[in-house]
Amino acid sequence: MGIYGAQLRRLIIEQSKRAHVGHIGSALSVADIVALLYGNVLRISSPEDPERDRFILSNGHAALSIYAALFLKGWLSKEQLDSFCADGSALGVHPDRELRGVDFSTGSLGQGLPIAAGSALAARLQSSSRRAFVLVSDAECNEGSLWEGVMFAAHHRLSNLIAIVDLNGQQALGYTNHVLSLEPMSARWRAFGWDVHEVNGHDMVAMQKTVAELDTVSGPPHVLIARTIFGKGVSYMEGQIKWHYWPMSEEEYSQALREIEATA
Amino acid sequence: MRAAFTTTLLELAARDSRILLLTADLGYMALERFAEKFPHRFFNVGVAEQNMIGLATGLAEAGFIPFVYSIVTFAVLRPYEFIRNGPIQHRLPVRIVGIGGGVEYGSNGLSHYGLEDVAVMRAQPGITVIAPADHQQARSAILASWDLPGPIYYRLGKDEKTVVPGLDGHFELGKLQRLGEGSDLLFVAMGTVANAALAAIRELAMQGLACSLVIVAHVHPAPARELGDLLATFPIVLSVEAHYRVGGLGSLVAEIVAERGLPCRLVRCGVDSMPTGVVGNQAYLHERFGLSSEKLAATALKALKQTIS
Numbered sequence: 001m002g003i004y005g006a007q008l009r010r011l012i013i014e015q016s017k018r019a020h021v022g023h024i025g026s027a028l029s030v031a032d033i034v035a036l037l038y039g040n041v042l043r044i045s046s047p048e049d050p051e052r053d054r055f056i057l058s059n060g061h062a063a064l065s066i067y068a069a070l071f072l073k074g075w076l077s078k079e080q081l082d083s084f085c086a087d088g089s090a091l092g093v094h095p096d097r098e099l100r101g102v103d104f105s106t107g108s109l110g111q112g113l114p115i116a117a118g119s120a121l122a123a124r125l126q127s128s129s130r131r132a133f134v135l136v137s138d139a140e141c142n143e144g145s146l147w148e149g150v151m152f153a154a155h156h157r158l159s160n161l162i163a164i165v166d167l168n169g170q171q172a173l174g175y176t177n178h179v180l181s182l183e184p185m186s187a188r189w190r191a192f193g194w195d196v197h198e199v200n201g202h203d204m205v206a207m208q209k210t211v212a213e214l215d216t217v218s219g220p221p222h223v224l225i226a227r228t229i230f231g232k233g234v235s236y237m238e239g240q241i242k243w244h245y246w247p248m249s250e251e252e253y254s255q256a257l258r259e260i261e262a263t264a
Numbered sequence: 265m266r267a268a269f270t271t272t273l274l275e276l277a278a279r280d281s282r283i284l285l286l287t288a289d290l291g292y293m294a295l296e297r298f299a300e301k302f303p304h305r306f307f308n309v310g311v312a313e314q315n316m317i318g319l320a321t322g323l324a325e326a327g328f329i330p331f332v333y334s335i336v337t338f339a340v341l342r343p344y345e346f347i348r349n350g351p352i353q354h355r356l357p358v359r360i361v362g363i364g365g366g367v368e369y370g371s372n373g374l375s376h377y378g379l380e381d382v383a384v385m386r387a388q389p390g391i392t393v394i395a396p397a398d399h400q401q402a403r404s405a406i407l408a409s410w411d412l413p414g415p416i417y418y419r420l421g422k423d424e425k426t427v428v429p430g431l432d433g434h435f436e437l438g439k440l441q442r443l444g445e446g447s448d449l450l451f452v453a454m455g456t457v458a459n460a461a462l463a464a465i466r467e468l469a470m471q472g473l474a475c476s477l478v479i480v481a482h483v484h485p486a487p488a489r490e491l492g493d494l495l496a497t498f499p500i501v502l503s504v505e506a507h508y509r510v511g512g513l514g515s516l517v518a519e520i521v522a523e524r525g526l527p528c529r530l531v532r533c534g535v536d537s538m539p540t541g542v543v544g545n546q547a548y549l550h551e552r553f554g555l556s557s558e559k560l561a562a563t564a565l566k567a568l569k570q571t572i573s
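If you read the sequences in order, they're chains A and B.
Letter by letter, the first sequence follows residues 1 to 264 of the working numbering.
Letter by letter, the second sequence follows residues 265 to 573 of the working numbering.
Rather than coming from a laboratory, the hints here were simulated on the basis of the structure.
Given the structure is predicted, the values throughout are model-derived calculations rather than measurements.
Note that CB positions come from ideal geometry on N, CA and C, so glycine has one too.
All the pointers check out, no bait thrown in.
Which stretches of chain A does chain B cover? Using the computed rule of at least three CB atoms under 8 Å from a CB of chain B, they are: (1) 94-105; (2) 121-131; (3) 147-153.
Here are the simulated distance ranges between beta carbons: (4) A/190 x B/275: 42 to 48 Å; (5) A/126 x B/296: 21 to 27 Å; (6) B/439 x A/43: 42 to 48 Å; (7) B/437 x A/90: 30 to 36 Å; (8) A/184 x B/536: 50 to 56 Å; (9) A/218 x B/371: 45 to 51 Å; (10) B/371 x A/129: 48 to 54 Å.
Chain B is nowhere near these chain A residues, computed Cβ spacing over 10 Å in every case: (11) 14; (12) 40; (13) 46; (14) 77; (15) 78; (16) 87; (17) 142; (18) 157; (19) 172; (20) 196; (21) 202; (22) 218; (23) 219; (24) 262.
For reference, chain A alone in the conformation it holds in the complex (with noise of 0.2 Å):
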């Protein structure tokens, strides 16, 4: 089943805007990358399977992508994800391993691939072709324990670990050139000793060829650096530091509708 980023996207929008909450700009960032993953990556028969696949949101401030794409994929009810950050819902800013489909609770940067080389490891041991994808941002990559677990996941050639850096050049405070420069990106994760792939983070086309292509038997694990636009698909929210906790005002929100709904 395929699943759209303009899907997504127009979820994003309707429940941050019901829930009058921000962090729009990373959920949109990554809309394309989530869609793809859950619509023809991720070998899921249920949530419950033990040998699916592993898929940890690193960056969990974009949780409310993967809601979207739980609901999409029927694992989410609708009234379930209309209680986006309501009272008593399990449906927070970042997601919770309690909710059916969320492998694991993230939400502090930095802890999503140590665990997903955890998850890696353990299919091995198991003699298991399942594999883990995690995805972080960009600037998550200023924590020094992703790079400690990045360099485990070298060194024990864990082919079966997926990771997708969602490098759209922002975070919290700034641009991330201007707070803690990441560049050269690719060259560093290669130094590390993994397998280095740059895609267009908006292209899912181009990104499904490149991770069908990836062997994951054998060989070091395996990174892609997508470039992705921060905010993509709202033409005020695109490259701009005050929608990564923004919310939307009523005008805002119909303007990014009907942008949405443009290129749907």
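Since the structure of chain A is provided, determine the placement of chain B on it from the hints.
What follows is chain B alone, placed relative to chain A:
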């Protein structure tokens, strides 16, 4: 307790293939037997404790029972948030093995002391905290707990030989171990410093005082009811721990005394200032922080006199 740990884990690992052992590059002359017997189930992850906990989280979610090993402070404090958001939040059977509680790494200085580990672990719901008093009890405690569903923190000492007389390695989940029948004063102890409390009791007996010792090895979730019932029968209680006085066993006892409204006086014996600018062996530092048997006996006598007057 390192030898007891490795021996016990070897036995369990031979029975249960879910058991793995991870170390953050520590355990020289302690873990080699496991590494030799189970080379594919042993991982030296390097000096990277946060990653070690993350790995263990991913491994445990997939069905393994990973034991992660380091010195107390590196096993608990460095990756604390990873422990909280990983094994604890996900209710996974990760076993955190911390070696050298208190000031066991005496001459190594503050960076190697474990003085607040019980406090921070005890603050977390959903983790079991076990601090054995000797190597025999460590073995019993591991055998009784290793396959519990949630995470466990084992605070293990370095002493491989000394045993607490009369304890006979006894351990039961959720239970206290009482030694002695005296009713003048109760020592409540955690960890290997229980032996100093027992020696203090012998000194006090020579002065005609009949005291008891209760060992709290299953520290969290606390055996609160049993401990409260016991505290209710004593006029004075001394808590004894190689830990800061804040947050550990003494605080646990204070919580129970206050919440139950018990009429007993509590004196908390533990490390009460930051141990910087001074090193020494464990015995020296225990003397300095009032945890030697002589100092404990003196503290007990002083408390008894104050309470009687």
